[in-house]
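Protein chains in written order, with numbering that gives the first Met the number 0: chain A, 0 to 306; chain B, 0 to 364.
Hints are computed from structural coordinates only; laboratory data are not their basis. This one's a predicted model, so the numbers in the text were calculated from it and none came from an experiment. C-beta: ideal position from N, C-alpha, C; glycine also. Do not rely on the hints blindly, as some may be mistaken.
Heads up, simulated EDC-like pairs for lysine to aspartate or glutamate below, C-alpha to C-alpha not over 16 Å straight-line [as the list claims (entries may be wrong)]:
no., chain 1, residue 1, chain 2, residue 2
1, B, K100, A, E250
2, B, K115, B, D93
3, B, K100, B, D75
4, B, K72, A, D200
5, B, K72, A, E250
6, B, K138, B, D93
7, A, K261, A, E250
Taking beta-carbon pairs under 10 Å as the criterion, some of the chain A residues facing chain B (in silico) [to be verified]:
no., residue
8, K39
9, P195
10, R199
11, L204
This is what each chain is made of:
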Amino acid sequence: MSEPTTDDDVVVAPTTPGLGDVPAARTPSARPGSRARLAKQVGWYLTLTLLSLIVLFPVWMILVRALSQPIAYLTAGQPPRPVEPEWDVFSRAFRQGDLDRRLLTSAGMTIIIATAQVVTSVLAAYAFAFLRFPFRRLAFMGFMATLMLPIEVTLIANVETIRTLGWFNSFQGLTAPFLAAAFGTFLIRQGFLGIPDDLRDAAELDGYGHLGFLWHVAVPVTRPIIASFTVISFLSAWNQYLWPRSIITREAWDTIQIALPKFASENINQLNLGFAAAIIAALPILAILIFFQRHLIRGLTAGAVKG
Amino acid sequence: MSGVTFDQVTKRFGDVVAVDSMSLEIRDQEFMVLLGPSGCGKSTALRMIAGLETVSEGELRIGDTTVNDVEAKDRDIAMVFQSYALYPHMTVRDNVEVPLKTRSYDVDGDRRKLRKPERADRVAEAARILGLSDLLDRKPGALSGGQRQRVALARAIVRRPEVFLMDEPLSNLDAKLRAQTRVELVELHRQLRTTIIYVTHDQVEAMTMADRIAVMEAGRLQQVGAPRDVYARPANLFVARFIGSPPMNTVDGRVRVDGGRAHVEVGDGRLDVGPRTGVADGDAVVVGIRPEHLRIAEDGVTAHVRAIEWLGHERHVYCDVAGTPVIVRDTDPGEDHAAPGTDVRVQAAPDTVHLFDPSTTERID
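The following block holds chain B by itself, in its conformation from the complex:
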């Protein structure tokens, strides 16, 4: 088992910088999720670990070994693809067995090709873990999407590699199967106790499965941390707006410091943000408040209600605050605080208000 280290790694395609000076240490046995929108460089980063893309600059290590110049077939990693990438002319058994036939393995201190009974044992074990024992003689064309995904996972785990790479493996499954497979992947990680690096643009997958999340945008790492930390303390405006559904509300404001306490003027109202050290009176800031932390109250900032979505267990109240769209997530839908077309006032507890520098977009504590 091994961790993976990016040390100032850059990947260029011609003039396009897909990954820009990325430094990230993925720990041994960690479930790390690379999260970001399409084109942010997360898949390129994964493909560099796999050896399917070369490293333009910097150093990439698997364990203690620098692998910049090691070919994909010589790296001890396995990858699960979004499209499953199963061999269509082979049975499930043959698909799972392929990496066992082509590579040498350490057996009792001896590095050699596996014998047929040894291969059969490993295939049977992988099939048992993933519930494929009854499907071994079928071809991929005769399997459902979920079953194909399991075959792809079996082909990966049968090798017992140092690192598993997963490139949006759930995105072709329907919502119900996706939720089920998320849980199974976490269980699989617990069973295998190996490093998993998982790429997705789906924040729910990231939040529910990851030990840590690495948020990427435009080829750059934006924030690395446990899901709870990334959600609670976004490092910049991108992370603040990307993590969370509905996303964090962000509105322009100006700081007023009054007797040791800071307030932010937003539109015609003020929000108490408590004692803050990183701001001074008169500073322009971007105020970030998660929809569930905003509440309709007697005082605060004026919000013009545009629409209300009732979801059964909660309501989303769509408003305009100083010309900026804002969502209030009202978890007490029984009470009718607002109606479309009317003005209300919204308020938030000081410790739930995030401040960001409008020029650098970085968080201000």
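Next comes chain A alone, as it looks inside the complex:
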């Protein structure tokens, strides 16, 4: 096997071997356009750095406000750096805000919703992608139509249903309306439709039934898409505010997103505690993103079929 080469390793060969007129090998510095390419690359990096700074600036400012002593920070004119840092602010926020219980409630709700959404979306997507049944297209269109309904439209009816079922202040109440997701079904169905027909046929001839094909072929092959949806599902479940606010009436069942504004308004003289709590609330999502990042790889189907 030959050594891997880069563009810079390329040597221009004579186009008419044997005629004796061999041009000299070109070095990278002598290649026309190499300087322009370098400038273009530098330009791209500068642009990306600038965009990253714009995205990270609010995060940095929350961190600055969380660490700074509130009065001193206001007196100093709210600079973009910590003023008289209070390093124990996170442990105080965690303790005073009773955040462990809120985080556990949010985590329980999020895990149930995300797990259920991934499972139901995968199964529904498989049915819509691979099974033939009457009114399949119509059923799928109906499914997709629910994407256009914002939560506010169904809020009152859902709250009434949950109240009737006696599920206020419970995990059932927090999660029941979100156990299936039209968006996930759509996204994963698109992934399944990308599986080559030959692969499906080969799996059938190899002896896989529906569940075997789903578990051993379809899910692994579409893993990047399923991972993407899992992240989206986690994120939206964790960040829910309106629904928990509508069906939680006892403080013991407050999720972290409900607890945050309450905690901030209760500590109006210690604003940095509210900012610290917000940072703590964001950490699980950050962890999920970092964990799933390595699963969000492309090109898993490379080599499955020719072309």
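With the hints as your guide, set chain B onto chain A.
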């Protein structure tokens, strides 16, 4: 091991008839090639054997068992796809092992799932036969096209099925690898001694590998026979024009019978076709002559030379005969018989001239 029988099998997709009343008996241990142009129904026929398409009418048997209603996973067949169809997330070892995990097998008279060491032995044997032993831990993405094709073959042979189906398995390989793999497939067939049904549109593959060829067109079987027979005695004009490269020349003519010998008038000349029983004086026919059987001569039919291709070992002389394009394959390129723009005369031995009925396109003997 088993043969496969199509008994008046028809396959319809809505109003489209993909396979039309096909009757074909593929013998046990035979290497049968289904040959035809794109859309002729050959892949549909193969997919019906696999169980990937249902049979609309007729009866399909594998061995003595009618399989019309048997699901694909319950048929004892293995298939190699044009696109290889390997599982991209699995290693070569796992790809080859899949059918061994999912199915039950007869082991010493007992039908059961294979144990892990038994599966490992079979995978190792298949890998050895196909030269994959050093690649077992790689994933398909890290293999070349030829290696992927071998993995697909290994996945098929590891099951030791009754019938192998191959759907244009070489068409994604480059010319050199294709030629090499053709030979290897023939050797593999000899080793395995099992029935292989192979679909291709490439007549070279068909001619070089098949025990018998089944030529298909527009959903219908046109001719079945050994490659040599199909080439030497095409059953109709389609087969005559489809088999052979360059294809057979076909020109309109009219029969003249004179003293027991038949001639065919083509343009301003005559071709002696010897004694023929199926024609009468004055019959319109289509004359078929393979390019290698036409020769430039002193007498015969006038041909206007349009172009000459020199290929080193032979020349192709492109002519017009009575307004119809004709190719003369001249295997003696040293001699300069013709030049573009000039008229020559072409001739053929009587036993190399094929006659076809212009209305039915069938062969006339």
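Going down the list of hints, with the structure as the test:
Only pairs whose Cα atoms come within 16 Å are accepted, and B:K100 paired with A:E250 is rejected, the gap being roughly 53 Å. Under the criterion of a C-alpha separation no larger than 16 Å, the hint pairing B:K115 with B:D93 is consistent with the structure, at around 12 Å. Restraint check for B:K100 and B:D75: satisfied, since their Cα atoms lie roughly 15 Å apart, inside the 16 Å limit. Proposed proximity of B:K72 and A:D200 is supported: the alpha carbons are some 10 Å apart, at most 16 Å.
Restraint check for B:K72 and A:E250: not satisfied, since their Cα atoms lie roughly 57 Å apart, outside the 16 Å limit. Using a Cα cut-off of 16 Å, the hinted pair B:K138 and B:D93 holds, with the two alpha carbons roughly 9 Å apart. A distance of roughly 10 Å separates the Cα atoms of A:K261 and A:E250; the hinted pair therefore holds under the 16 Å criterion. Residue-level restraint check for A:K39 is violated (minimum Cβ-Cβ distance to chain B is 31 Å; threshold 10 Å).
Interface hint at A:P195: satisfied, since its Cβ lies 6 Å from the closest Cβ of chain B, which is below the 10 Å cut-off. Satisfaction of the interface hint for A:R199 is found here, the shortest Cβ-Cβ separation to chain B being roughly 9 Å, below the 10 Å cut-off. At a threshold of 10 Å, the smallest CB-CB gap from A:L204 to chain B is about 5 Å, leaving the interface hint in force.
Against the hints set out earlier in the document, violations occur for numbers 1, 5 and 8.
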